[in-house]
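Novice: Here is what each chain is made of, one letter per residue.
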Amino acid sequence: MFRDLGEASKRAYLHIIIPEVAHSSSIQFHHCLHPHLRSHHHHHHFPPTLALALPTPPLRIGKIYSFPAHYGVMENPQRSLESTRARFNRLVSALTAFDSALRTGTPEQLPPWQTLQPHFNVLFSILDSLSHTLNQQFPPPQINTSALVSYPLPSFPANSQIQLSISTLLNKKLNPIVQDWALRALNAPTVNNDDLWDRAREIVQEQQEERNWYDDIYSLEEQEAGTEGIETGVSEEKQEKEEAIPGLKLEAILRFMETGVVPADQPALPMAAMPGTGPMKR
Amino acid sequence: MPPPSHPPYAQSTYHELSLYSHIPAARQPQILRVISGITGMLPETTLEHHLVYKPKRPRQPGQNAELYYLQLISIVPGEQKQEEEEEGKNGYDVKSQKWRMRLEDIPEVTRRPVTSRNVLGAGFGEGDALGLVDSLGFMLQTTYFMTVSTLIHNNIIITLSQVLLPPPPPPLPAAPNVQYGNPYPTSGLQPLDPAGSWVLKAAVRVQSHQDVESINTGTGELKVFKELMRGMCDLEVAERLALDTRIR
Numbered sequence: 001m002f003r004d005l006g007e008a009s010k011r012a013y014l015h016i017i018i019p020e021v022a023h024s025s026s027i028q029f030h031h032c033l034h035p036h037l038r039s040h041h042h043h044h045h046f047p048p049t050l051a052l053a054l055p056t057p058p059l060r061i062g063k064i065y066s067f068p069a070h071y072g073v074m075e076n077p078q079r080s081l082e083s084t085r086a087r088f089n090r091l092v093s094a095l096t097a098f099d100s101a102l103r104t105g106t107p108e109q110l111p112p113w114q115t116l117q118p119h120f121n122v123l124f125s126i127l128d129s130l131s132h133t134l135n136q137q138f139p140p141p142q143i144n145t146s147a148l149v150s151y152p153l154p155s156f157p158a159n160s161q162i163q164l165s166i167s168t169l170l171n172k173k174l175n176p177i178v179q180d181w182a183l184r185a186l187n188a189p190t191v192n193n194d195d196l197w198d199r200a201r202e203i204v205q206e207q208q209e210e211r212n213w214y215d216d217i218y219s220l221e222e223q224e225a226g227t228e229g230i231e232t233g234v235s236e237e238k239q240e241k242e243e244a245i246p247g248l249k250l251e252a253i254l255r256f257m258e259t260g261v262v263p264a265d266q267p268a269l270p271m272a273a274m275p276g277t278g279p280m281k282r
Numbered sequence: 001m002p003p004p005s006h007p008p009y010a011q012s013t014y015h016e017l018s019l020y021s022h023i024p025a026a027r028q029p030q031i032l033r034v035i036s037g038i039t040g041m042l043p044e045t046t047l048e049h050h051l052v053y054k055p056k057r058p059r060q061p062g063q064n065a066e067l068y069y070l071q072l073i074s075i076v077p078g079e080q081k082q083e084e085e086e087e088g089k090n091g092y093d094v095k096s097q098k099w100r101m102r103l104e105d106i107p108e109v110t111r112r113p114v115t116s117r118n119v120l121g122a123g124f125g126e127g128d129a130l131g132l133v134d135s136l137g138f139m140l141q142t143t144y145f146m147t148v149s150t151l152i153h154n155n156i157i158i159t160l161s162q163v164l165l166p167p168p169p170p171p172l173p174a175a176p177n178v179q180y181g182n183p184y185p186t187s188g189l190q191p192l193d194p195a196g197s198w199v200l201k202a203a204v205r206v207q208s209h210q211d212v213e214s215i216n217t218g219t220g221e222l223k224v225f226k227e228l229m230r231g232m233c234d235l236e237v238a239e240r241l242a243l244d245t246r247i248r
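From first to last, the protein sequence lines are chains A and B. Counted from 1, the first sequence has number 107 at position 107 by my numbering; the numbering is strictly sequential. Counted from 1, the second sequence has number 64 at position 64 by my numbering; the numbering is strictly sequential.
In silico EDC-like cross-links for lysine to aspartate or glutamate, where the CA-CA straight-line distance does not exceed 16 Å: (1) A:Lys-249 <-> B:Asp-234; (2) B:Lys-98 <-> B:Glu-48; (3) B:Lys-54 <-> B:Glu-66; (4) B:Lys-54 <-> A:Glu-258; (5) A:Lys-249 <-> B:Glu-236.
Some chain B residues judged to face chain A by a derived CB distance under 8 Å, without partners named: (6) Tyr-20; (7) Tyr-69; (8) Ala-238.
Pairwise CB distance ranges (calculated): (9) B:Asn-155 <-> A:Thr-115: 37 to 43 Å; (10) B:Ser-187 <-> A:Pro-267: 32 to 38 Å; (11) A:Ala-225 <-> B:Pro-185: 51 to 57 Å; (12) B:Thr-150 <-> A:Pro-267: 30 to 36 Å; (13) B:Asp-234 <-> A:Pro-267: 24 to 30 Å; (14) B:Gly-40 <-> A:Pro-118: 45 to 51 Å.
Calculated directly from the structure, the hints in this document are not laboratory data. Computed from a predicted model, the values in this text were never measured in an experiment. Cβ coordinates follow ideal geometry from the N, Cα and C atoms, glycine included.
Starting from the given sequences, assemble the full structure and let the hints guide the process.
Specialist: The following block contains the structure:
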């Protein structure tokens, strides 16, 4: 499970990946909390970093969750982090227990489902409470690109073959032309949505009317190639044939077989009133 | 029940568990091939002659006993044989056919996913079957023919059948026994259903309906077979009242 903080900035996001059971799980939790956080409310950017040690990550950028500048949303980040960390620890221990349970018994066979079931239950409840906590303690932020900050870990391969430098990757300032557009759009007067959509509908209709949809069945390619007709699976004649003959129902045939009364003379059957007397209808 | 010593007739009484499916005419050859492949045998096709009898005396009001339709069934020999004997005879002699009698009970009310019914039957050895039935107080109601392809899969008897009607008899000359219908020529037989559909029946016979274990086994086999045929055709429990043989 992971949380994607806004599509505007794909560069900063929180990734929580449950490591595979096969490998020994090691979730390291780095608390980098400024000691003065509680007292200095006006400090903006002191985000905690959560770095998960994955087995072999190609690139490791410190993934940051930064809470918005205004403090009211997260009252007690330390408490949030503590509770989240506690749940993660429970998750780790449950996973190791599950792992050892899987390893007991014969190597090729799984243990009986009765032993696996409680593990599933425990894991499920832990994951449930974990996701609930995350949802509650770390509320999704408002999309405020200026508030999102990325901090690379020291191990970030800045000198590798990737041409993009860190600054390009983490650059928040838009291309100047794009920036102008954005500013202009933001500052423009509010648009009346209904008018906009009406206008859009008119434009689409004009475009539709301009084009001929029904006369040309064959594409330009086919027309140039001079195709006379294309064989599809549908046949008009076949359909007519099928509709022409109304057949007897199975019920009528069976009744004739049993009683010798021709279908035309068969009285209608009373509908089965009791459950279990009729066939199992689907 | 020990079999009677030297029986003059063959008795076959069993409890039948069955599933039915309605096959359109166009799909019948394909389905026959598929089931033939599943069973690993070639179908045995026969033309059966069915005579449906009903009691002469209708049920008295106040009487509790139900009256049932009775069937006489015989196998019509192939048409080539008949040509050999063609010497002024009409070719098909109803009376000289080997008949067997069958009484099929109305299916039980059951929650099982199969039709479950009792079938009583007996084969006639020698003698005049038609005369006997007449003396039992039955009269002929209907005659029809059925072309049946039979295949066996484990304990399941699979029959793919189509009901055929004989052509109406010519007004003259009034041949004897014309009311029984003449199957020859077989090309003259018309399907009952104008669309020419077929009935697929998968049945398991259990000796006694008290034998719950066998019934369960049979039901299980039918279920497996139904699953096997899934996608090809829908084997379903037929409408119980459609298989009702009671006289109204």
